[in-house]
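A.B. asks: The residues making up each chain are set out below.
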Amino acid sequence: MALDTDAVRQIAHLARVRVPEADLEVLAGELSNILTWVEQLNDVATEDVPAMTSAVAVSLPMREDKVNEGDHEDAILANAPDRVRDFFAVPKVVD
Amino acid sequence: MSLIKGRTSDWEIVIGMEIHAQVTSAAKLFSGAATEFGAEPNTQVSLVDVAFPGMLPVINKRCIEQAVRTGLGLNAQINLHSVFDRKNYFYPDLPAGYQISQYKDPIVGEGMVTVDLDTGETRKIGIERLHLEQDAGKLIHDMDPKHTIVDLNRAGVALMEIVSKPDMRSADEAAIFLTKLRSILRYLGTCDGNMEQGSMRADVNVSVRKPGGELGTRCEIKNVNSIRFVKQAIEHEARRQIEIIEDGGDVDQETRLFDPVRGETRAMRSKEEAHDYRYFPDPDLLPLELEKDWVEKIKASLPELPDSKKARFISDYGLAESDAAIIVADREDADFFEAVAVGRKDPKLAANWVINELYGRLNKAGMARSETPVTAEKLSDLLALIESGDISGRIAKAVFDEMFDTGEAADSIVEEKGLKQINDIGAIETIVDQLIVDNPQQAAQVKEQPKVMGWFVGQVMKATQGQANPGVVNEVLKNKLVG
Numbered sequence: 000m001a002l003d004t005d006a007v008r009q010i011a012h013l014a015r016v017r018v019p020e021a022d023l024e025v026l027a028g029e030l031s032n033i034l035t036w037v038e039q040l041n042d043v044a045t046e047d048v049p050a051m052t053s054a055v056a057v058s059l060p061m062r063e064d065k066v067n068e069g070d071h072e073d074a075i076l077a078n079a080p081d082r083v084r085d086f087f088a089v090p091k092v093v094d
Numbered sequence: 000m001s002l003i004k005g006r007t008s009d010w011e012i013v014i015g016m017e018i019h020a021q022v023t024s025a026a027k028l029f030s031g032a033a034t035e036f037g038a039e040p041n042t043q044v045s046l047v048d049v050a051f052p053g054m055l056p057v058i059n060k061r062c063i064e065q066a067v068r069t070g071l072g073l074n075a076q077i078n079l080h081s082v083f084d085r086k087n088y089f090y091p092d093l094p095a096g097y098q099i100s101q102y103k104d105p106i107v108g109e110g111m112v113t114v115d116l117d118t119g120e121t122r123k124i125g126i127e128r129l130h131l132e133q134d135a136g137k138l139i140h141d142m143d144p145k146h147t148i149v150d151l152n153r154a155g156v157a158l159m160e161i162v163s164k165p166d167m168r169s170a171d172e173a174a175i176f177l178t179k180l181r182s183i184l185r186y187l188g189t190c191d192g193n194m195e196q197g198s199m200r201a202d203v204n205v206s207v208r209k210p211g212g213e214l215g216t217r218c219e220i221k222n223v224n225s226i227r228f229v230k231q232a233i234e235h236e237a238r239r240q241i242e243i244i245e246d247g248g249d250v251d252q253e254t255r256l257f258d259p260v261r262g263e264t265r266a267m268r269s270k271e272e273a274h275d276y277r278y279f280p281d282p283d284l285l286p287l288e289l290e291k292d293w294v295e296k297i298k299a300s301l302p303e304l305p306d307s308k309k310a311r312f313i314s315d316y317g318l319a320e321s322d323a324a325i326i327v328a329d330r331e332d333a334d335f336f337e338a339v340a341v342g343r344k345d346p347k348l349a350a351n352w353v354i355n356e357l358y359g360r361l362n363k364a365g366m367a368r369s370e371t372p373v374t375a376e377k378l379s380d381l382l383a384l385i386e387s388g389d390i391s392g393r394i395a396k397a398v399f400d401e402m403f404d405t406g407e408a409a410d411s412i413v414e415e416k417g418l419k420q421i422n423d424i425g426a427i428e429t430i431v432d433q434l435i436v437d438n439p440q441q442a443a444q445v446k447e448q449p450k451v452m453g454w455f456v457g458q459v460m461k462a463t464q465g466q467a468n469p470g471v472v473n474e475v476l477k478n479k480l481v482g
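Keeping their order, the protein sequence lines are chains A and B. Read in numbering that gives the first Met the number 0, the first sequence has 74 at position 75, and its numbers run on one by one without any break. Read in numbering that gives the first Met the number 0, the second sequence has 420 at position 421, and its numbers run on one by one without any break.
Calculated from the structure, these hints are not laboratory results. Just to be clear, a hint being listed does not mean it is correct.
Okay, derived cross-link-like pairs now, BS3-like style, lysine-lysine, Cα gap no bigger than 30 Å in a straight line [stated by the list, open to error]:
#1 A:K65 with B:K86
#2 B:K123 with B:K164
#3 B:K416 with A:K91
#4 B:K363 with B:K296
#5 B:K179 with B:K145
#6 B:K86 with B:K103
#7 B:K164 with B:K86
#8 B:K461 with B:K479
#9 B:K347 with B:K291
#10 B:K103 with B:K164
#11 A:K65 with B:K396
#12 A:K65 with B:K4
#13 B:K103 with B:K221
#14 B:K179 with B:K419
#15 A:K91 with B:K298
#16 B:K450 with B:K477
#17 A:K91 with B:K477
#18 B:K377 with A:K65
#19 A:K65 with B:K296
#20 B:K450 with B:K461
#21 B:K363 with A:K65
#22 B:K123 with A:K91
#23 B:K123 with B:K209
Derived coverage of chain A by chain B (criterion: at least 3 residues anywhere in the stretch with Cβ under 8 Å from a Cβ of chain B; other residues may be distant) [said to hold, decoys possible]:
#24 15-23
#25 30-37
#26 45-58
In this text, a Cβ means the ideal position worked out from N, Cα and C, and glycines have one as well.
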């Protein structure tokens, strides 16, 4: 599978990664190579094999419906780039 | 079929809904932070909710149970295998940059809700699916001049997204469906249905077409937070689309917002940002496998739901369909009615009293039904006095007013004020004899003019301050005057 520069530009935008226009061509080539390499898996017959989600037989761990965390807004906000009182503050977004 | 008239032809509206219903639980879907509404900002946030590095989600078993319970209440298929996916997008209300949701393999599949339309018809509205997902945080735009500020208390709270099939054909039907769905969720105890607090909100898909024709292009109206607004939004949006088409234009498929102040929908500004969520299975979470026995156990614990309760009230208590519908809409109301009706000879009378007298008085006083000063037991005692003939229905209303104001018991009010009905034939005969003596003309007229009888009844009631048993009065008058 080959990616073109438009696809790479779009993926970069969705991931909020700034990619200079000049690098798109190179990245498209590299990403296409990776995809082509992974595509080798298509050669394996997997029609009758159920998807494997874990290498060991474990089931999804669950928690009880108990409140055991909270009231640490200062810790939560400690690394925030900006705050207004006990809120995170971000540039205005309106819709 | 309900159609709306355009300039060139009739149009049919096609409506489907996605309802976000907050799961009733103490803690969030994947963390141990609290879900309570109205807490101080960012006090109910765990390190998982704020997506600190290395934090892993652990699913809340109660939330799964609630989703299954809801699925069963919607007569839906429960999927024993379901998968949590990441829905990727960047927005300040979403710390992780993705929402954990269910995409290809939801926990609940197709189901069905039966609604009663105003016309007396019933209609089945299909449920497409129900899946579990995380709520986002809350953005506040008007508290700081330069910033949008973010409260993450709601981030990570469990939501059920319930998707209907496009089976509704008018704004009224959509409102009735939403009301019914809310009623079912409240019966099940899986969502409190408080739309004002945002614990239930609807995305409404609207399109129009020539009756029975091919489906038109739909618009999605996001986040409508009251049933009244759902109706208004649909009505406005359908009109808007019809006008575009009749003017020879095409409806753009887009996401719109409803503005309750102006009563109209408008396009969202971010619409050009094509949604590309790049869903993939969340590698932090194994697939959710449910035990059949566990699902069966939940099924066995379901309460009686509004439809079966209504059917039972009609067959066991002989209620009229419309009365039963009013009473079962709310589980507390239904329980209240049963507490009044149990042991009463005439449950229909009980329904009348609950709906007309009690609800009427509560509405007038602007009180919630839970605030009633007349308890079910006290109302039942009042009705017992009517049934035993101790007081007439008319006196009972006066007693009820007193009970409503003071909260006192019916028998003590009747006792105190001497309101007991006069059933004594002898006493009534004495009054009637006196009336005949005093009004010979009227007495002579009765045979020709039966309505003069009514005048005598009125006179007896007047003489007894309304306490004479009307049945006995009629009997005595008939004997004395008609013979």
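A.B. asks: So which hints don't hold here, by number, going up?
C.D. replies: 3, 4, 5, 9, 11, 12, 14, 15, 17, 18, 21, 22, 24 and 25
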